[in-house]
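*Asks:* Sequence:
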Amino acid sequence: MPLSQTVLAIESTSFSASRTDADQPNLPREEILPQYEWNPESGFATIKDALAIATPVNDNVRIIGYPVLADPNASLKLFLVQSSGDPFEQQDLARLIAPGDIAIAVGGYYPEIHVDEVPHKRNIGHACLAVGVEREVEQLLDGQSTMVKQHGVLTINNPQTYLGGAFEGLGYGCFFIQKFNFPEGTTPEEVAAYKKNVVTMIALANTFIPFAQENFNGKDPLGTHNQEKVREAGEKLILAVYGDQGAITWLSESRNTAYCAELVSAGINLGTTTMLTKATIEQLRQKLAEQNGEDKYPDLYEVVSHRINSREVLQTNDNQNLQYVEIGMIDEKLNLQPVTQRFPDADQSGTGLAFMYYDFADIAYGSIRDTYPRKQIDGLSGEELEQAKAYNTIVSEVQVKAFEQVAEKFKQLANLPPDTEAKFDIYVNDEVLPALKRVYDSEAEHDAVFTELFQKGKQFTPTGPNGEGMFTPPDLYLLPTKGWAEVYTAGVAFFEPNLKQIES
Numbered sequence: 010m011p012l013s014q015t016v017l018a019i020e021s022t023s024f025s026a027s028r029t030d031a032d033q034p035n036l037p038r039e040e041i042l043p044q045y046e047w048n049p050e051s052g053f054a055t056i057k058d059a060l061a062i063a064t065p066v067n068d069n070v071r072i073i074g075y076p077v078l079a080d081p082n083a084s085l086k087l088f089l090v091q092s093s094g095d096p097f098e099q100q101d102l103a104r105l106i107a108p109g110d111i112a113i114a115v116g117g118y119y120p121e122i123h124v125d126e127v128p129h130k131r132n133i134g135h136a137c138l139a140v141g142v143e144r145e146v147e148q149l150l151d152g153q154s155t156m157v158k159q160h161g162v163l164t165i166n167n168p169q170t171y172l173g174g175a176f177e178g179l180g181y182g183c184f185f186i187q188k189f190n191f192p193e194g195t196t197p198e199e200v201a202a203y204k205k206n207v208v209t210m211i212a213l214a215n216t217f218i219p220f221a222q223e224n225f226n227g228k229d230p231l232g233t234h235n236q237e238k239v240r241e242a243g244e245k246l247i248l249a250v251y252g253d254q255g256a257i258t259w260l261s262e263s264r265n266t267a268y269c270a271e272l273v274s275a276g277i278n279l280g281t282t283t284m285l286t287k288a289t290i291e292q293l294r295q296k297l298a299e300q301n302g303e304d305k306y307p308d309l310y311e312v313v314s315h316r317i318n319s320r321e322v323l324q325t326n327d328n329q330n331l332q333y334v335e336i337g338m339i340d341e342k343l344n345l346q347p348v349t350q351r352f353p354d355a356d357q358s359g360t361g362l363a364f365m366y367y368d369f370a371d372i373a374y375g376s377i378r379d380t381y382p383r384k385q386i387d388g389l390s391g392e393e394l395e396q397a398k399a400y401n402t403i404v405s406e407v408q409v410k411a412f413e414q415v416a417e418k419f420k421q422l423a424n425l426p427p428d429t430e431a432k433f434d435i436y437v438n439d440e441v442l443p444a445l446k447r448v449y450d451s452e453a454e455h456d457a458v459f460t461e462l463f464q465k466g467k468q469f470t471p472t473g474p475n476g477e478g479m480f481t482p483p484d485l486y487l488l489p490t491k492g493w494a495e496v497y498t499a500g501v502a503f504f505e506p507n508l509k510q511i512e513s
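Residue numbers (this note's numbering): 10 to 513.
Please note that the accuracy of each hint is not assured.
[Said to hold, decoys possible] Mimicking BS3-like on lysine-lysine, the simulated pairs with C-alpha atoms at most 30 Å apart in a straight line are:
#	residue 1	residue 2
1	K384	K342
2	K86	K204
3	K130	K296
4	K57	K491
5	K446	K398
6	K130	K410
7	K418	K342
8	K420	K305
9	K130	K465
It should be emphasised that the hints constitute simulated quantities derived from the structure, not laboratory data.
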């Protein structure tokens with residue numbers, strides 16, 4: 010497959026197609042069949058139409074892009090989501106996300122298009138962790154009162170009360186339900202333990218780490234951008250649970266705050282790196298004793314385990330639905346290890362992270378390419394080839410305008426030094442824009458030019474020691490970059506009346 014169909018650079022970013030749940034080794038073998046299908050009376054004939062971004066250019070040409078679909082022709086399982094803060098109203102989603110299971114819920118505006126979110130955000134606005142939960146409720150069966158289990162799905166967000174802790178609409182039209190695989194060889198018991206630890210750690214992070222005021226639009230640095238930073242944050246969270254004021258202050262500093270999608274990344278990385286075991290906490294106590302010259306936390310494990318297992322630590326979290334999540338210390342008999350220690354060859358990014366972050370080049374090139382796609386010309390000839398080239402000439406003009414807008418937005422946010430900004434302007438005006446204006450004779454020629462430009466663009470967003478120039482926007486989980494986690498689309502949830510029940 011030509012490189013332009015899937016990636017613009019093969020070293021640090023892979024825009025690989027999302028896989029369907031039928032091919033995932035970590036999933037139960039029983040397939041979850043959808044009970045809903047697209048309603049053609051919704052205003053869009055098909056789900057593909059609803060997830061398209063159409064850009065009219067003139068009376069004869071509209072550019073159609075599918076920036077949230079790695080494969081626009083792949084079939085999607087559709088689920089019904091209720092606009093409610095009550096997790097137990099999500100009966101259809103609860104079939105997809107069972108109690109104890111987790112998924113990344115990515116909120117999109119589709120089928121509406123928010124022009125301010127295009128192209129750089131792919132019409133996506135939010136990401137959170139969805140958690141399957143259950144409770145016992147009293148019901149009358151055959152005239153007798155009995156307790157039955159009821160399943161639901163809640164969400165953990167930053168800010169804490171966003172979406173009402175479940176799926177209050179707030180302008181979103183759909184949620185992409187993204188699940189991820191653990192490395193091959195992970196046992197079912199380990200998967201369950203990792204997921205519980207992820208839920209526990211993201212609940213702790215959500216309790217102690219404030220929402221980033223700068224949001225992901227530019228200036229908030231990515232705190233947990235490598236294994237060392239993840240471990241440091243994990244240690245601070247343990248100390249915060251203990252009640253250490255220094256750790257609590259550290260977590261609330263602006264460089265450590267988190268926007269919505271960053272909390273998801275931090276929670277998954279913390280939950281698969283910081284094992285909440287007695288051994289981990291005792292090692293931290295000994296490390297601190299050596300650093301301080303005295304043991305200031307002799308009861309660290311006892312206090313931390315009690316506050317987590319008793320749920321006392323969540324009392325200050327404003328998401329009332331957290332009462333339903335199962336949190337707790339890890340069963341010591343499992344001897345659970347960090348994922349990257351258990352599977353040292355699983356990470357493809359060199360960071361040890363589940364998902365590789367984006368930088369300016371990733372966002373600019375990827376979003377523009379996918380929102381305003383050119384027609385492929387390989388194998389065409391004669392009139393068909395000339396028509397494709399004429400179309401690509403029109404597309405190139407739109408891509409140029411889009412890149413100019415994204416570049417200006419980047420300069421406003423990045424606060425580049427004057428000499429760097431001057432070099433960036435030369436790069437954009439003398440290299441990128443002329444390359445976008447060209448009409449190429451082959452996919453290979455196009456790929457060669459843009460792979461080089463993509464790599465050059467990375468010099469203008471150098472990664473700083475505190476995560477400067479690194480981003481985890483919500484759409485990252487739709488088209489994941491390298492890391493150890495393999496993300497796939499388990500389903501797309503829409504509100505009524507976009508769906509209708511499948512007739513049996």
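*Asks:* Run every hint past the structure and note whether it holds.
*Replies:* Quick rundown of the hints versus the structure:
Restraint check for K384 and K342: not satisfied, since their Cα atoms lie roughly 56 Å apart, outside the 30 Å limit. Among the hinted pairs, K86 with K204 is consistent with the structure: their alpha-carbon atoms are about 23 Å apart, no more than 30 Å. Between K130 and K296, the direct Cα distance comes to roughly 42 Å. Violation of the 30 Å bound is thereby established for this hinted pair. Only pairs whose Cα atoms come within 30 Å are accepted, and K57 paired with K491 is accepted, the gap being roughly 27 Å.
Of the pairs offered as hints, the one joining K446 and K398 holds, with about 12 Å between alpha carbons and a cut-off of 30 Å not exceeded. For the hint pairing K130 with K410, the CA-to-CA distance comes to about 16 Å; that is within 30 Å, so the pair holds. Distance hint between K418 and K342 is unfulfilled; the C-alpha atoms sit about 52 Å from each other, more than 30 Å. A threshold of 30 Å between alpha carbons decides the hint, and for K420 with K305 the separation of about 47 Å lies outside it, so the pair is violated.
The hinted pair formed by K130 and K465 meets the criterion: a straight-line CA distance of about 22 Å does not exceed 30 Å.
In summary, the structure is inconsistent with hints 1, 3, 7, 8 from the numbered list given earlier, while agreeing with the others.
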